[in-house]
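Student: Residue numbers (full-length UniProt numbering), protein chains in the order written: chain U, 1 to 355; chain R, 1 to 355; chain C, 1 to 355; chain L, 1 to 355.
There could be a bad hint or two in this list.
Since the list gives no way to pick out one identical chain from another, each pair is judged satisfied if it fits inside one copy or across any two copies.
Calculated lysine to any residue pairs in the SDA-like style (CA-CA distance at most 25 Å, straight line) [stated by the list, open to error]: (1) Lys352 x Leu116; (2) Lys53 x Asn286; (3) Lys44 x Ala34; (4) Lys352 x Leu95; (5) Lys352 x Val291; (6) Lys319 x His225; (7) Lys79 x Pro59; (8) Lys319 x Glu25; (9) Lys209 x Phe325; (10) Lys173 x Thr223; (11) Lys293 x Glu208; (12) Lys64 x Glu212.
These aren't lab readings, by the way, just hints derived from the structure by calculation.
Number of protein chains: 4
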Amino acid sequence: MSEQIGVGILGATGTVGQRFIQLLETHPLFYVKAIGASSRSAGKEYHEAVNWKMTTLIPDSVAKMIVHPCEPEYFEGCKVIFSGLDSSVAGETELAFLEAEFAVFSNAKNHRMNPLVPLIVPIVNPEHFDLIKQQRVEFKKSKGFLVTNANCSTTGLVSALKPLQDAFGPLSKVVVTTMQAISGAGYPGVPSLDILGNVVPYISGEEEKMEEEAAKILGTFSTNHIVDAPLAVSASCNRVAVIDGHTESVFVEFARKPAPSLEEITKVFENYVSEAQKLNCYSAPNKCVVVCKQPDRPQPRLDALLEDGHGVLVGGIRKCNIFDFKFTLLVHNTILGAAGSAIMNAEIAVKKGLV
Amino acid sequence: MSEQIGVGILGATGTVGQRFIQLLETHPLFYVKAIGASSRSAGKEYHEAVNWKMTTLIPDSVAKMIVHPCEPEYFEGCKVIFSGLDSSVAGETELAFLEAEFAVFSNAKNHRMNPLVPLIVPIVNPEHFDLIKQQRVEFKKSKGFLVTNANCSTTGLVSALKPLQDAFGPLSKVVVTTMQAISGAGYPGVPSLDILGNVVPYISGEEEKMEEEAAKILGTFSTNHIVDAPLAVSASCNRVAVIDGHTESVFVEFARKPAPSLEEITKVFENYVSEAQKLNCYSAPNKCVVVCKQPDRPQPRLDALLEDGHGVLVGGIRKCNIFDFKFTLLVHNTILGAAGSAIMNAEIAVKKGLV
Amino acid sequence: MSEQIGVGILGATGTVGQRFIQLLETHPLFYVKAIGASSRSAGKEYHEAVNWKMTTLIPDSVAKMIVHPCEPEYFEGCKVIFSGLDSSVAGETELAFLEAEFAVFSNAKNHRMNPLVPLIVPIVNPEHFDLIKQQRVEFKKSKGFLVTNANCSTTGLVSALKPLQDAFGPLSKVVVTTMQAISGAGYPGVPSLDILGNVVPYISGEEEKMEEEAAKILGTFSTNHIVDAPLAVSASCNRVAVIDGHTESVFVEFARKPAPSLEEITKVFENYVSEAQKLNCYSAPNKCVVVCKQPDRPQPRLDALLEDGHGVLVGGIRKCNIFDFKFTLLVHNTILGAAGSAIMNAEIAVKKGLV
Amino acid sequence: MSEQIGVGILGATGTVGQRFIQLLETHPLFYVKAIGASSRSAGKEYHEAVNWKMTTLIPDSVAKMIVHPCEPEYFEGCKVIFSGLDSSVAGETELAFLEAEFAVFSNAKNHRMNPLVPLIVPIVNPEHFDLIKQQRVEFKKSKGFLVTNANCSTTGLVSALKPLQDAFGPLSKVVVTTMQAISGAGYPGVPSLDILGNVVPYISGEEEKMEEEAAKILGTFSTNHIVDAPLAVSASCNRVAVIDGHTESVFVEFARKPAPSLEEITKVFENYVSEAQKLNCYSAPNKCVVVCKQPDRPQPRLDALLEDGHGVLVGGIRKCNIFDFKFTLLVHNTILGAAGSAIMNAEIAVKKGLV
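Next up, chain U with everything else stripped away, as it sits in the complex (with noise of 0.2 Å):
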């Protein structure tokens, strides 16, 4: 992989941004060129400005790296942008960017819904960045262009489902229950008050996130534009005393009848390639879909590190009363549910041409 490309991060001081920054330490085609945050952080050291909350150190060399505004002028050289931006920052600071001709790989809400933007869960749908053509024609842009990845919630349930669609044809019912790690919520984040010894039923915006996304994701590119997947999304979100990974449980009703069978289910998670591992993208996990055999797997503290958290864990296969079948998957919310997977999209981007 001969030259590395520079990459900009913004919010880097942030959870997500942190995340980005230890992806990155020792990444073979990415290296750090330029961090941005807040006016707040700004002119600072990163290891001044920033709260460092990773088990691993601050990388070397970043600690001495000025943080910057997160104004397309300071990003020069930087031929990748992740944003690790806060969704009351990220709409308008992305398409900044974006108007500046720089490739951005969001992690924020704001432009995933919009029509002309691909919403990319590495291991699901890279088939989506064929929209970017249209998108650069509608926004004028010969090389910028702005994909976003996927909520954490939403990324482990897509990624669990896309091996059954694409074997079984459409689902056409999904009820799942969350139960999400506190570092979904970033720094400081759940008050420990409120989640130790504790579960909070409730988590603003994510079911409707969930319940829309999904269909966008597991949708077809067609000539100029995404047609949804025809799937019914029930979700219910919950935060649970837990640091990384996203437990679910989820119930799946396939359209096609009679349903496939355990056996054959089981076999379709075990053997789904992605995309991403075709294209031998370096963050690409071994197995996209980990199949655990022992029914009270996967858990998130002794399974979320699996495949260096870019894949999911899956387990608990089982016939449901109601509809086809139900099972446990476990997502890690910051690597494949967050930063992982806007690095994984931007290696697919390189890897296609399109940076």
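With chain U held as given, fit chains R, C and L onto it using these hints.
Tutor: Relative to chain U, chains R, C and L alone:
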């Protein structure tokens, strides 16, 4: 309430047994007259035999009682037997007490699905006490009988479903994902390495219990037997890092079309009055179903002890994309979900003249 | 207890303020007459202004009260003012209420070390109320006065040391390591990402408070001022994942040689009777110091609410290789360690005719 | 590093045994050749016998190995034996392997205080390997020997004290309060009901171990025995809700007066180089003692895996009112505090030509 009734407690040193003793400390109708446990404890004073884990002190009246073997001869004079026995021994032991003409109120799973044994959640179906007449005929008993209360998760579920069924007719489909407290597994129970910062997506036998028991409890007594309610339940059961209080995400469909509105449902929850309340049972809650107004409630740490743990809390009542509506419920798993149900069942039995 | 006394609560929406309101709900001597909070809350009804986090409901008598600004004019008719204000505003606000001739009982740190302000732990040194005479002279007040209670960790420590000092003379050296509950930091307080599965070995300013306050509280009133006790305290303060209850590992050396035996120490703890008890204060615990017999107690989750949170628990009393002996203590940090102390101090002041 | 050395692991299914297998997966010098466990596991393949609780997968090379009884005949060809046995069986079993001329590296407590057995923390006192000569004489062995590593809490403590002793001469007094992780108690170990939201102020036998072992480890080898260091240690041991990493609040007094300054102490920590590092041992940390600059560090969740868990972290170095200074330390209790020490000890033994 004239004279107090002496009661015996089987499995007195276990988690449920301790809760029986705590709840009965100031009970106006019952007093602890004899306690039984395994041969390891028998012969010791209670305070020496028990590894007491309640947050109140061992009642003085029980601390120095001698623990007996769980055999009828040691429980003479007890008009009521509460069984907090483990299922490995509950089956035979409880039958022995029934055989000896005791009124047995069991928390164990062993006899719950026996067609001759009422499975009663006191704020849901005390009319099933009518089955005792038939039970006595078949078992050839004059005074003795055996009643069970439900699994803790089932208890929460049916307590929320009953008011709906009463008001709007049968429910057809219920999907439920539980997030269950560690106290449900007793002591030592769940190893801390399994649950701290974790979710365990499996509780042995729990989903089956929820799926079977609900239809019986919501069923109708007819002449001499219980006719199951015609609802299908599909459950996914998880353990979370909570001390007391099972949280359940519930998705519900009514048989009738169109379904009632959210306003109608909310009103029915709030206005529900159980027979336990009408009978003025001491342990009956002021409200059987408390509807939480804030979208992020109920929460187990904050709300499990409302109504002294004898009601259920319901919150986040909202439309569902697939079924009619969804909501979150919370039940105190060792009070209404275990010892508290058994005690309230006994109060009802006294009111009904069965004891 | 004839007529109830109306009290005002400053900082009523905060964690300590909520505890004041909860503890006063059924208080026979005091009732909440007026409540104050920041300008953000002023003008709202309490239930709208507060993010209520107690495990009991907002008392009906307070829920619809209008929250006032923390200015004396809004608290007319309140004979007692309880301040749960944050230290950023407590200093001046409390002086304004003193100036307006209110009897102010403050939980804030601002005036604790002022030589004219009694720093009183009600089960330790209510004789320091004698300082009020001098305070009134210097502040030119006739009815008003200002009393503070101690830091939560200090409160636990001195409650255990006082009986020893009374019985065996001065302590010379005390080394203490605390493991403090998250409720001590208020709400939102400690971010969950900082404390779940973690220990934070630092609480800003806490060690200094323990080291300074202990000597004043254990000191002697002499004519018109407090003479500090001659003990050296060295503290190490840690935050742990506990909701309520500070645990402290204490190592103690007496001035006198030989030191008392463990039996003598235990007896002194058990027999200690505080002035609050002798005065028959409503909130006074039955036992100020509860000695735990099991070697693994006290534990915050199980024991913090014994004596309704108004006493301290001591356990593991044993010989020390370096000092005379060591033990573990537990104090409920938001009851005896905060609001409960202020209320009991006010009860004492009433008994002493100061209010 | 030419040919790999085959090692045997006793107690391979336990928590420490699992850590041995995980740490050896990619070890350049050692490979797992045989594994032993109790008769309950013997005869099974490892993946069937073990309840694997590491966050990485069972190494392929071990998963299908047959578990043997812990008897020397099954370990032929193993030049090194690592014992993670429980103390209930470690005593005799380890002697049997010594008798059979194996080089035994034990994590068990049984032989630690035997004057003929070196008690070695690899980054502290590898010079105590000199005692093996005398051990072989007394036990009449030519190749075999027995070395133990220290208790996990002791390991952290002496790792911080050794650099100070080397630089400034003997320490006279050390008071230490530990906050220990649950993994130290193995699996199932600490029941979740005991530790979730709680502190347990007692760990059986732990304080005694810390007080005895420290003096031996910090002692001096002289001719044919170890002379204890002249320090007094007083420990208070607590269990907290942390997965991995023991935190210790330490108060220290030097024999020499005046004591060194905080700057001198900090410098000595940072510049300390252990013999394990000088010998270029594979597992030796880059830094044995990492000094944290932020006042609220080290923290177990964030920092326990720095230096791959083979160093200690020290923070909050500050003056003490009673002793010379105090600080917080953190040690990974199942790496440097257990299996990691045993492995590094074996690496040192190889370098010294003892294996």
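Student: State the violated hints by number, sorted upward, taking the hints as numbered earlier in the document.
Tutor: Per hint list: 5, 6, 8, 10 and 12 violated.
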